[in-house]
Amino acid sequence: MTVKVLIVDARPERSRALEHALRDAGFDVVTRADEHDDLYAIMTRVKPDAVIIDAALPSRDTLEHMGQLGRRFPKPMIMLAEEETPDLTREATSAGVSAYVVEDVQPALVRSMVNVAIASFEAHRALKGELTKTQTTLSQRRTIERAKSQLMEMHAFSEDAAYQWLRKRAMNRRLTIHEVAQAVLASDDVES
Amino acid sequence: MNEPQTPRSEWPLPERDTLTLGMLPLNDAAPLVVALERGFFATHGLDVSLHVESSWAGLRDGMQLGLLDGAQMLPLMPLASTLGLDGRSTPMLSALTLNLGGNAITVSNALYASMQAADPEAMAQSPISARALAAVVRQRRAAGESALRFASVYPFSSHRYQLRYWLAEGGVDPDRDLELRVVPPPLVAEQLEAGWLDGYCVGEPWNTLAARRESGRVLIGSHAIWQHGQEKVFAVREAWADAYPATHRAVLRALLEACAWLDGSAQRVEAARLMCEKGYLDVPPTVVEESMAGEGTPAPHGVSVFHRHAANFPWRSHLRWYTEQMRRWEHLDVAEPVLEDCLTRCVRPDLFREAADDLGFNYPLVDVKSEGEHASQWALEGRRGDIAMGGDQLLGGVRFTGRG
Numbered sequence: 696m697t698v699k700v701l702i703v704d705a706r707p708e709r710s711r712a713l714e715h716a717l718r719d720a721g722f723d724v725v726t727r728a729d730e731h732d733d734l735y736a737i738m739t740r741v742k743p744d745a746v747i748i749d750a751a752l753p754s755r756d757t758l759e760h761m762g763q764l765g766r767r768f769p770k771p772m773i774m775l776a777e778e779e780t781p782d783l784t785r786e787a788t789s790a791g792v793s794a795y796v797v798e799d800v801q802p803a804l805v806r807s808m809v810n811v812a813i814a815s816f817e818a819h820r821a822l823k824g825e826l827t828k829t830q831t832t833l834s835q836r837r838t839i840e841r842a843k844s845q846l847m848e849m850h851a852f853s854e855d856a857a858y859q860w861l862r863k864r865a866m867n868r869r870l871t872i873h874e875v876a877q878a879v880l881a882s883d884d885v886e887s
Numbered sequence: 538m539n540e541p542q543t544p545r546s547e548w549p550l551p552e553r554d555t556l557t558l559g560m561l562p563l564n565d566a567a568p569l570v571v572a573l574e575r576g577f578f579a580t581h582g583l584d585v586s587l588h589v590e591s592s593w594a595g596l597r598d599g600m601q602l603g604l605l606d607g608a609q610m611l612p613l614m615p616l617a618s619t620l621g622l623d624g625r626s627t628p629m630l631s632a633l634t635l636n637l638g639g640n641a642i643t644v645s646n647a648l649y650a651s652m653q654a655a656d657p658e659a660m661a662q663s664p665i666s667a668r669a670l671a672a673v674v675r676q677r678r679a680a681g682e683s684a685l686r687f688a689s690v691y692p693f694s695s696h697r698y699q700l701r702y703w704l705a706e707g708g709v710d711p712d713r714d715l716e717l718r719v720v721p722p723p724l725v726a727e728q729l730e731a732g733w734l735d736g737y738c739v740g741e742p743w744n745t746l747a748a749r750r751e752s753g754r755v756l757i758g759s760h761a762i763w764q765h766g767q768e769k770v771f772a773v774r775e776a777w778a779d780a781y782p783a784t785h786r787a788v789l790r791a792l793l794e795a796c797a798w799l800d801g802s803a804q805r806v807e808a809a810r811l812m813c814e815k816g817y818l819d820v821p822p823t824v825v826e827e828s829m830a831g832e833g834t835p836a837p838h839g840v841s842v843f844h845r846h847a848a849n850f851p852w853r854s855h856l857r858w859y860t861e862q863m864r865r866w867e868h869l870d871v872a873e874p875v876l877e878d879c880l881t882r883c884v885r886p887d888l889f890r891e892a893a894d895d896l897g898f899n900y901p902l903v904d905v906k907s908e909g910e911h912a913s914q915w916a917l918e919g920r921r922g923d924i925a926m927g928g929d930q931l932l933g934g935v936r937f938t939g940r941g
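So the sequences go chain by chain: H and X. Each residue of the first sequence is one higher than the one before, counting from 696 in the working numbering. Each residue of the second sequence is one higher than the one before, counting from 538 in the working numbering.
Calculated directly from the structure, the hints in this document are not laboratory data. For glycine and all other residues, C-beta sits at the position ideal for the given N, C-alpha and C. Keep in mind that a hint or two might mislead.
Result set (DSSO-like, lysine-lysine): computed pairs, CA atoms no more than 30 Å apart in a straight line [said to hold, decoys possible]: (1) K815/X / K823/H; (2) K863/H / K770/H; (3) K815/X / K863/H; (4) K742/H / K770/H; (5) K863/H / K699/H; (6) K863/H / K823/H.
Covered stretches of chain H (in silico footprint by chain X; criterion: 3 or more residues with CB under 8 Å from a CB of chain X, positions within the stretch not fixed) [claimed, not checked]: (7) 696-710; (8) 744-753; (9) 811-823; (10) 847-854; (11) 860-872.
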């Protein structure tokens with residue numbers, strides 16, 4: 696059987712590369728979606744045998760719900776009975792790949808599909824130097840710390856005053872602290 | 538920063554000092570963030586890294602694969618994992634509740650207007666019942682229009698069952714009258730704006746955020762559905778708890794102290810700052826502050842209780858309330874003896890009491906309590922004197938014995 700795959704990824708470049716790699720490996724990529732698409736509508740329309748989704752997307756929980764709705768919807772990879780699944784799932788997790796598969800796809804095909812996705816995500820990461828989910832929190836924190844240091848230096852602010860400055864700006868512009876911190880570092884313009 | 542210290546000599550020495558714990562970007566992850574950033578973990582000899590996961594599924598995978606030592610979880614998740622209903626069958630347990638309440642139900646501006654028009658009397662009540670929604674459902678059906686769509690956050694979630702409880706109480710059949718979905722909290726506001734969703738039940742800060750964006754109207758908070766109902770727990774794998782009992786106990790002590798610290802509203806505002814400033818919650822800071830403090834105009838509905846009223850005690854009857862909801866909607870098909878055994882395994886007041894004794898904290902002497910009996914504060918006998926308990930009313934005046 697040809698396995699019909701849906702890719703859900705917020706990064707178009709990476710998801711295009713994954714589509715090519717999966718096609719080369721004999722899979723039929725039915726469509727690509729990002730997290731702002733209506734997954735219920737897409738899943739019902741294209742009826743994929745498998746979904747590859749960026750593990751950092753909150754929409755995984757939507758797929759979990761669909762998996763609970765019935766046999767025709769793909770189930771999370773961690774549920775597969777195969778003995779080697781935990782190792783493969785662990786590798787996939789560290790590469791930022793999550794997979795959902797209907798029960799009747801052969802285990803060898805699942806392994807092959809997931810390995811293609813892992814390789815594709817890792818190649819993209821090596822190329823772009825993108826961050827894993829865990830690194831994102833740390834990177835946000837570092838950005839905020841750097842913006843505070845810059846404000847403290849430029850205005851002779853205390854640390855608390857620097858935070859309050861960021862907070863006030865965030866409030867006025869309906870932004871997050873991290874977004875304001877990025878703007879501060881990008882512009883060097885810290886005049887209110 | 539907060540270097541791990543040697544714990545007091547009368548406490549058992551943790552078998553491990555380096556731990557990775559999982560959380561989701563939600564207000565009620567505050568006890569974990571506070572325990573780390575304010576040094577409570579360090580006081581108990583623990584060097585903790587917090588992993589912010591994007592989805593409950595990701596957090597479940599991390600726990601089942603052993604990548605996480607413990608995590609913030611929805612109350613039903615340890616049970617679902619133990620029974621093999623959620624992911625790979627993996628026994629898990631919880632010995633501490635992180636918070637009570639914290640969710641709310643929000644509808645789109647368009648649905649709010651329809652509800653106003655259909656049944657102004659029902660909409661004038663407080664709390665707002667789903668009766669006006671039932672009227673809109675009838676009108677739409679008569680006009681041949683499609684079913685309204687409501688979302689919660691995960692199949693094994695408190696939100697799903699609180700939403701169903703509210704709907705059914707107002708005469709809406711959630712399975713026949715609506716299309717129910719799961720949509721992650723960071724996406725609900727935009728889906729409401731896009732018209733893909735008509736309403737949802739999620740935790741803070743995501744209701745307050747939608748209200749402040751004027752994407753929708755908050756109808757009712759979870760305290761008005763189940764007053765002081767259980768919301769999130771701290772969970773570990775059963776095998777992990779057996780292998781590292783002193784470590785688990787040290788984590789519980791640190792979380793208990795963090796929760797006690799969070800009891801004051803000034804501290805909760807400070808916690809809001811920690812979550813925004815340290816990169817855990819990428820949401821406008823005033824939204825987090827308002828929803829944490831329970832202040833603002835209008836006042837947020839989804840305010841968490843982190844410690845008072847024996848909030849952290851793992852009531853076996855709290856989880857039983859959720860399993861009875863699952864049974865009500867035919868989501869749980871296990872025999873009573875199996876369920877009873879599972880509740881005993883998954884909820885561990887005995888471990889909570891050890892940690893509380895270490896700190897000299899008070900706790901209840903019983904493991905089960907009824908719900909729906911108290912409209913306001915009441916006194917419960919505790920190990921160190923009476924405990925001031927909160928009201929425990931259920932919407933519609935329902936009583937629940939706490940047993941199956």
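### Query
Which numbered conditions among the earlier hints are violated in the structure presented, ordered from lowest to highest?
2, 5, 6, 7, 9 and 10
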